[in-house]
Amino acid sequence: MSVLRSLLKETVLYGMSYSLVRVLHFVIMTPYLTSVFKDEKAYFSLQTEIYFLIALMVGILSFRMETAYFRFVSDNQFKKSIYPTASRMILSACVLFSIFSIAFRKQIGEWLSYPDLGNVLIPAFLIIVLDAMIGLPFARLRFEKQARKYALIKVSSVLLTILLTVLLIEYRHLVQPWVKLSQDAHLKVFCILLANVLGSASSYALLIPEIRHTFDPPDKKLYLKLFHYTWPLVFVTIAYTINQFGGISFLKYLMPGTALENLKQSADYSAVLRLAVIMNIFVTAFNYAAEPFFFRNATVKDRVEIYSKTSLYFIIASSILYLIVCLFRDIPALLLNQNFRGSLSLLSILLISNILVGLSSNFSTWYKLSDRTFIAAWISLISLLITAVLSVWLIPLYGTTATAWILLVCNLFITVVSYLIGNKYMSQSYPLMRMSGYLLAAVGISILTDYFYSSISLSALMKYFINISILLLYIGICYRLEFSNHARKSRKEFHPEA
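Counting with our numbering, you get residues 508 to 1005 for the letters of the sequence shown.
Note that these hints are calculated values from the structure, not bench results. A couple of the hints might just be wrong.
When the alpha-carbon atoms are kept at most 27 Å apart in a straight line, the in silico DSSO-like pairs for lysine-lysine are as follows [as the list claims (entries may be wrong)]:
| hint | residue 1 | residue 2 |
| --- | --- | --- |
| 1 | 687 | 816 |
| 2 | 586 | 656 |
| 3 | 970 | 732 |
| 4 | 816 | 587 |
| 5 | 587 | 687 |
| 6 | 732 | 816 |
| 7 | 652 | 816 |
| 8 | 613 | 816 |
| 9 | 586 | 727 |
| 10 | 728 | 587 |
| 11 | 652 | 771 |
| 12 | 545 | 652 |
| 13 | 586 | 771 |
| 14 | 545 | 587 |
| 15 | 816 | 586 |
| 16 | 687 | 613 |
| 17 | 652 | 587 |
| 18 | 687 | 586 |
| 19 | 771 | 545 |
Distance ranges between label pairs, derived from CB positions [claimed, not checked]:
| hint | residue 1 | residue 2 | range |
| --- | --- | --- | --- |
| 20 | 613 | 984 | 55 to 65 Å |
| 21 | 954 | 728 | 55 to 65 Å |
| 22 | 954 | 680 | 34 to 44 Å |
| 23 | 765 | 852 | 18 to 28 Å |
| 24 | 767 | 734 | 19 to 29 Å |
| 25 | 722 | 905 | 45 to 55 Å |
| 26 | 734 | 838 | 26 to 36 Å |
| 27 | 982 | 943 | 38 to 48 Å |
| 28 | 610 | 982 | 49 to 59 Å |
| 29 | 852 | 931 | 17 to 27 Å |
| 30 | 835 | 767 | 33 to 43 Å |
| 31 | 838 | 964 | 15 to 25 Å |
| 32 | 531 | 954 | 56 to 66 Å |
Just so it is clear, the structure is predicted and the values come from calculations on it, not from any experiment. Beta carbons: idealized from backbone N, C-alpha and C, even for Gly.
All chains, full assembly: derive it from the sequences and hints.
Structure follows, in structure tokens:
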């Protein structure tokens, strides 16, 4: 249990920093941006799609070197050389990308159906380069357990970004002469991206003590080893990013209508994706701590038990969070402007999808520890094919509803396949029945309460009372079945005569 307490401590430390900045961004920027774009809904979806493309390119340019760093830094042979070697690979890719993207920005804008947004894309390119460059220094801080410095940089960067976003949009008339954008909506998108550039640049400046190690002596023999380890992970990242965040692009290209009309139609879905970020924050915070934790405990004797308990507790925690959001969804819905609440019914599906993302990450530990990343690449490519085929088939018929269900099906496929193949390469002992029971119980409670409230008229106060009672009962049952029984078992182990 001491090892699990270590994971809990790291999850709290990294989770507090990651979650705090994401929650602040979520709570402040969601109502602000849905208000700013209330009469220009297409551009709300457009800036969402731009951030999807940014995430996609950051994943490609960073080569997933964070995972490679965790894998090789524990090896004494590469402990000193892994960081400069990996950093130089990222730096080279970023230089080439910068030259290409700036030179062909107009053509890129036309290809993305943004014919008048060539200049707007320049800050997007800068965000890509900066975020790709700072990923590895952050990974170094995580591995070295410098959680406070990690948190300080993350929090200060996001707070600066939020502040600058509001200031630049509210005083965008001062920015307009410099960028010469004719449409006000274009200028708003530019201001959002410019604020992000400055926020990322502040992170880069604060990480200079780590970044300077880029110029330490590299290990030329390690380049090829890193390439073989990371290229499958790049495919995993591409597939993951498209599967999770590419829905807006699929809707833009596959629904009837022009690109701008389709972006307007998908604005409500884009907004509810922001609400689903509540679960994504928890899942990502957990994974931030779990990945280096799993690598550090890869040789521990009882690692199988540690991994299984970790997954069980993850499911319990995420199921409780799922219930909180679903039972009280009218509260986070207030963060959305009334013009953006048309897809709230899809929130439950998106939350479950995010839970499956976290669970599949736990089930995928085997390929990172056994250097079989190529298998993960195949799983990801198949999942991407499933997403593409289902999108082409269903989106023209069912629109945003299809996008949410396709995401759920894709994540369920990855989770199941990762578990089945993982059993072949690494001994695993997950309590699947208990894990499934907790999650299905939470989903069932959500469905039944929705049905109950739709068939009977109750005051809001009475609904809150019932929901709080249901939530406390669910938490009490989880505690009784897991933590209370575990404490009783531990006491018996220390006092057998009892």
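Hints, one by one, checked against the model:
1. A threshold of 27 Å between alpha carbons decides the hint, and for residue 687 with residue 816 the separation of about 57 Å lies outside it, so the pair is violated.
2. Proposed proximity of residue 586 and residue 656 is supported: the alpha carbons are some 21 Å apart, at most 27 Å.
3. Proximity of residue 970 to residue 732 is assessed by CA-CA distance (about 58 Å); at most 27 Å being required, the pair is judged violated.
4. The straight-line distance between the Cα atoms of residue 816 and residue 587 is roughly 33 Å, outside the 27 Å bound, and the hint therefore fails.
5. Distance restraint check for residue 587 and residue 687: the Cα-Cα separation of roughly 48 Å exceeds the 27 Å cut-off, and the hinted pair is therefore not satisfied.
6. Only pairs whose Cα atoms come within 27 Å are accepted, and residue 732 paired with residue 816 is rejected, the gap being roughly 33 Å.
7. Taking the CA atoms of residue 652 and residue 816, the gap is about 22 Å. The hint holds against a cut of 27 Å.
8. A C-alpha spacing of about 51 Å is found between residue 613 and residue 816, which places the hinted pair above 27 Å, so the restraint is violated.
9. A C-alpha spacing of about 14 Å is found between residue 586 and residue 727, which places the hinted pair at or below 27 Å, so the restraint holds.
10. Proposed proximity of residue 728 and residue 587 is supported: the alpha carbons are some 13 Å apart, at most 27 Å.
11. The hinted pair formed by residue 652 and residue 771 fails the criterion: a straight-line CA distance of about 44 Å is larger than 27 Å.
12. Proximity of residue 545 to residue 652 is assessed by CA-CA distance (about 43 Å); at most 27 Å being required, the pair is judged violated.
13. At most 27 Å may separate the alpha-carbon atoms for a hinted pair to count; residue 586 and residue 771 exceed this at roughly 50 Å.
14. A distance of roughly 52 Å separates the Cα atoms of residue 545 and residue 587; the hinted pair therefore is violated under the 27 Å criterion.
15. A distance of roughly 30 Å separates the Cα atoms of residue 816 and residue 586; the hinted pair therefore is violated under the 27 Å criterion.
16. For a cut-off of 27 Å, the pair hint linking residue 687 to residue 613 stands: about 15 Å separates their Cα positions.
17. For the hint linking residue 652 to residue 587, the alpha-carbon distance of about 17 Å falls within 27 Å, and the restraint holds.
18. Restraint check: the Cα-Cα separation between residue 687 and residue 586 comes to about 49 Å, which exceeds 27 Å; the hinted pair is violated.
19. Proposed proximity of residue 771 and residue 545 is supported: the alpha carbons are some 11 Å apart, at most 27 Å.
20. One distance hint, 55 to 65 Å for the beta-carbon pair residue 613 and residue 984, holds here, with the actual separation near 59 Å.
21. Checked against the hint of 55 to 65 Å, the pair residue 954 and residue 728 passes, with Cβ atoms roughly 56 Å apart.
22. One distance hint, 34 to 44 Å for the beta-carbon pair residue 954 and residue 680, is violated here, with the actual separation near 49 Å.
23. Against the hinted window of 18 to 28 Å, the Cβ-Cβ separation of residue 765 and residue 852 comes to about 26 Å, which satisfies the hint.
24. Between residue 767 and residue 734 the C-beta distance comes to about 41 Å, which lies outside the given range of 19 to 29 Å.
25. For residue 722 and residue 905, the hinted distance range of 45 to 55 Å is satisfied, since their beta carbons lie about 53 Å from each other.
26. Against the hinted window of 26 to 36 Å, the Cβ-Cβ separation of residue 734 and residue 838 comes to about 48 Å, which falls outside the hint.
27. Between residue 982 and residue 943 the C-beta distance comes to about 18 Å, which lies outside the given range of 38 to 48 Å.
28. Taking 49 to 59 Å as the suggested C-beta distance range, the pair residue 610 and residue 982 conforms, at roughly 56 Å.
29. Between residue 852 and residue 931 the Cβ separation comes to about 39 Å, which falls outside the hinted range of 17 to 27 Å.
30. At about 35 Å, the CB distance of residue 835 to residue 767 agrees with the hint of 33 to 43 Å.
31. For the pair residue 838 and residue 964, the supplied restraint of 15 to 25 Å holds, since their beta-carbon distance comes to about 20 Å.
32. Our hint of 56 to 66 Å for residue 531 and residue 954 is violated, since their Cβ atoms are close to 32 Å apart.
Violation of the numbered hints given earlier is confined to hints 1, 3, 4, 5, 6, 8, 11, 12, 13, 14, 15, 18, 22, 24, 26, 27, 29, 32; the remaining hints are satisfied by the structure.
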